[in-house]
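From first to last, the protein sequence lines are chains A and B.
By the count of the working numbering, the first sequence reaches residue 440 at its end, each step adding exactly one.
By the count of the working numbering, the second sequence reaches residue 278 at its end, each step adding exactly one.
Because the hints were derived from the structure by calculation, they are not lab data.
Keep in mind that a hint or two might mislead.
No more than 30 Å apart at the CA atoms, straight line, and that leaves these computed lysine-lysine pairs for DSSO-like [stated by the list, open to error]:
#1 B:117 with A:190
#2 A:229 with A:190
#3 A:190 with B:9
Calculated Cβ distances over 10 Å to all of chain B for the following chain A residues [as the list claims (entries may be wrong)]:
#4 127
#5 299
#6 306
#7 399
Beta carbons: idealized from backbone N, C-alpha and C, even for Gly.
Each chain, written out:
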Amino acid sequence: MAIRAVGLSKSYRIAHRAAPVTRVTEAVAQRLRHPFRRKDYEDFTALSDVSFEIPWGEAVGIVGRNGAGKSTLLKLLTRITAPTAGRIELSGRMGSLLEVGTGFHPELTGRENIFLNGALLGMRRNEIRRRFDEIVDFSGVERFLDTPVKRYSSGMYVRLAFSVAAHLDTELLAIDEVLAVGDAEFQRKSLAKMRDVANDGRTVLYVSHQMQTVESLCTSAIFLQHGTLQLQGGVADVIERYRGSFEEYAARETQARKGLSDDVPRILEVVPTSQTFSVDDDKSVDIRIGPTDDFIGTYFVSAHLTDANGNVVGQCDSRLVGRYLDADREQRLRLSIRHLWMKPGRYSIDVFVCASGILDSWEGSATFDILPSLPYPELTSPEATGHGAVLLDFDYEVHA
Amino acid sequence: MSKVVITPPGRLSLPHWQELWGAREVFLRFGQRDVLLRYRQTAVGVTWVILQPLVAAGIFSIIFGRIAGLSTDGVPYFLFSYISMLGWNLFSGVLNRAAPSLVANQALVSKVFFPRILVPASTILSVILDFVVALVLGVVLLVAFRVNPGIAALALPFWVLCTLCLSLGLGLAASAIMVRYRDVAYVLPWLVQIGLYATPVAYSLEAVPEQYRIFFDLNPMSWLLTGIRWSLLGTAPPPVWQLAAAVIVSAGALFAGLLVFQRFERSFADVI
Numbered sequence: 041m042a043i044r045a046v047g048l049s050k051s052y053r054i055a056h057r058a059a060p061v062t063r064v065t066e067a068v069a070q071r072l073r074h075p076f077r078r079k080d081y082e083d084f085t086a087l088s089d090v091s092f093e094i095p096w097g098e099a100v101g102i103v104g105r106n107g108a109g110k111s112t113l114l115k116l117l118t119r120i121t122a123p124t125a126g127r128i129e130l131s132g133r134m135g136s137l138l139e140v141g142t143g144f145h146p147e148l149t150g151r152e153n154i155f156l157n158g159a160l161l162g163m164r165r166n167e168i169r170r171r172f173d174e175i176v177d178f179s180g181v182e183r184f185l186d187t188p189v190k191r192y193s194s195g196m197y198v199r200l201a202f203s204v205a206a207h208l209d210t211e212l213l214a215i216d217e218v219l220a221v222g223d224a225e226f227q228r229k230s231l232a233k234m235r236d237v238a239n240d241g242r243t244v245l246y247v248s249h250q251m252q253t254v255e256s257l258c259t260s261a262i263f264l265q266h267g268t269l270q271l272q273g274g275v276a277d278v279i280e281r282y283r284g285s286f287e288e289y290a291a292r293e294t295q296a297r298k299g300l301s302d303d304v305p306r307i308l309e310v311v312p313t314s315q316t317f318s319v320d321d322d323k324s325v326d327i328r329i330g331p332t333d334d335f336i337g338t339y340f341v342s343a344h345l346t347d348a349n350g351n352v353v354g355q356c357d358s359r360l361v362g363r364y365l366d367a368d369r370e371q372r373l374r375l376s377i378r379h380l381w382m383k384p385g386r387y388s389i390d391v392f393v394c395a396s397g398i399l400d401s402w403e404g405s406a407t408f409d410i411l412p413s414l415p416y417p418e419l420t421s422p423e424a425t426g427h428g429a430v431l432l433d434f435d436y437e438v439h440a
Numbered sequence: 007m008s009k010v011v012i013t014p015p016g017r018l019s020l021p022h023w024q025e026l027w028g029a030r031e032v033f034l035r036f037g038q039r040d041v042l043l044r045y046r047q048t049a050v051g052v053t054w055v056i057l058q059p060l061v062a063a064g065i066f067s068i069i070f071g072r073i074a075g076l077s078t079d080g081v082p083y084f085l086f087s088y089i090s091m092l093g094w095n096l097f098s099g100v101l102n103r104a105a106p107s108l109v110a111n112q113a114l115v116s117k118v119f120f121p122r123i124l125v126p127a128s129t130i131l132s133v134i135l136d137f138v139v140a141l142v143l144g145v146v147l148l149v150a151f152r153v154n155p156g157i158a159a160l161a162l163p164f165w166v167l168c169t170l171c172l173s174l175g176l177g178l179a180a181s182a183i184m185v186r187y188r189d190v191a192y193v194l195p196w197l198v199q200i201g202l203y204a205t206p207v208a209y210s211l212e213a214v215p216e217q218y219r220i221f222f223d224l225n226p227m228s229w230l231l232t233g234i235r236w237s238l239l240g241t242a243p244p245p246v247w248q249l250a251a252a253v254i255v256s257a258g259a260l261f262a263g264l265l266v267f268q269r270f271e272r273s274f275a276d277v278i
């Protein structure tokens, strides 16, 4: 086993007072005033009783909604913070790519930063020396090696930082969504690098929101929810479960809305005109918003279209089409989205009712599916549509 | 292949020495970074290292030597205060640089793992470098003033080591406490400033009235400075009890500093 975690828990103490005590004088004064009172703390459990084993050579994706404990788990595994309970056994050095460029100092030159950053990431001196040329080649900044990195463009900076990290030869590697950096060319290089690492028989842990990358990079996955491990298994199963968690959330939300007061205009119902649409259909959604006597004036509505991975595909703000609504009567609206070729898959709608601030919001108020058949004249392999957030109505004209 | 076991930390623990040794490269790189950054984009560069004690010694000569006429055990006043400032700067330098180091490097502490103690500990490298450069000028001054400390000079590394242990112990504790309580940043420079006058830096212990003598005898820096002056200026050696006490207090300070640091370290990434 490369990694074994048993009964891993992490809780943070959150002080109940509005402002935490950060001054000695305050701490002493508090102690004097209430010498025997236990401090007013609440334990916030970020991770509770998580156990798993990861064999060598696996690339493991860690997925879950925001706040599920993914990053906490990675922080425990990389020893940035200590567990509250439990035990982790790592059978090798753990390198981390939690954020590229940590430890880079703007005043130091590229060369000096490579050595400093390499050392911080756990590389030994001759290891850095041996791989120095490779690192420089990979980053493509050789001409600026003796320039302070504060004069680098942000692209160069990130490339250099990532190159150092990518050449880390640890047996275990933890990555927190850094692959999203840089241009397309660099991203491809980075992905290839990560794949090499896993193929070497080393073990990679990868935290991400991007299911596409998890699918293409990982050999197995872990699904976390509310700080507990829900499922460890194949990538496809885990991603399915992860997507399912969005629907559960929506169902709970509908239930919860029934008890809300009507002192602001409440979103009562969001219903797509059809549960399924074709890629090139116009999509429409009916929205019903309740009346209120407590709010005087008009409000506007904004709807966000979110894909199954949590990416916002588009926003429809009623101000853009000049629609303001009176709050004193019930409003029935139909949102129509025209000329958009959405990729096949499941989408959810987040609706916001706003005036000077947000009056009411309902995330994941409804879902609909886009059917898998494509409107293109030819059928071809899936990678022809693999990239991009939406499909485009395009053509190539060949000039003679 | 090395196996690493991570468990919840205990209440009192000493650092993991093997891990520290493994991360020595970080220690050196931090030290190098401090040195490079300090003198990059400065007009006179490393000259600052000798300019600071020179100017301080000059001012002390005028105020304490000429105006107040304090005793210096018969050593030329300028030389006396320059050598004393060497020792004092070693102490205050480590303390002043180590204390804010963790807070200044909070981005690192919350993002990557390495033995955190290396952050404050590595500050001694740049202070030692400053000390060595200033010491070279000090030796030049000794020759110029024709002062020969004799065999006592061999004891200098001992005094330096004791001073480093004492200041690093205090610095470690201060840096760890500062992560939680930022007041340390305001109180510490003020205490160091007071210490400069409350310690026989600009005057010899002879100048202290008998009834206050006890306070000076309790100050470890006063023992260490007497020792440094003995080793470099050939003045009277410190009494033997101070020699023993210096060892015990500096080792004790370092040990206590380590314990305090380890005690606070558990929560750095969560608090910082």
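Going down the list of hints, with the structure as the test:
About 20 Å separates the Cα atoms of residue 117 of chain B and residue 190 of chain A, which keeps this hinted pair within 30 Å; it holds. The hinted pair formed by residue 229 of chain A and residue 190 of chain A meets the criterion: a straight-line CA distance of about 25 Å does not exceed 30 Å. About 38 Å separates the Cα atoms of residue 190 of chain A and residue 9 of chain B, which puts this hinted pair outside 30 Å; it is violated. Non-interface status of residue 127 of chain A relative to chain B is broken: a Cβ of that chain comes within 10 Å, the nearest being about 5 Å off.
Under the 10 Å C-beta cut-off, the non-interface status given to residue 299 of chain A relative to chain B holds; the minimum distance is some 36 Å. Non-interface call for residue 306 of chain A relative to chain B: holds, since the shortest CB-CB distance, roughly 39 Å, exceeds 10 Å. Distance check for residue 399 of chain A against chain B: the nearest CB is about 36 Å away, which clears 10 Å, and the non-interface claim stands.
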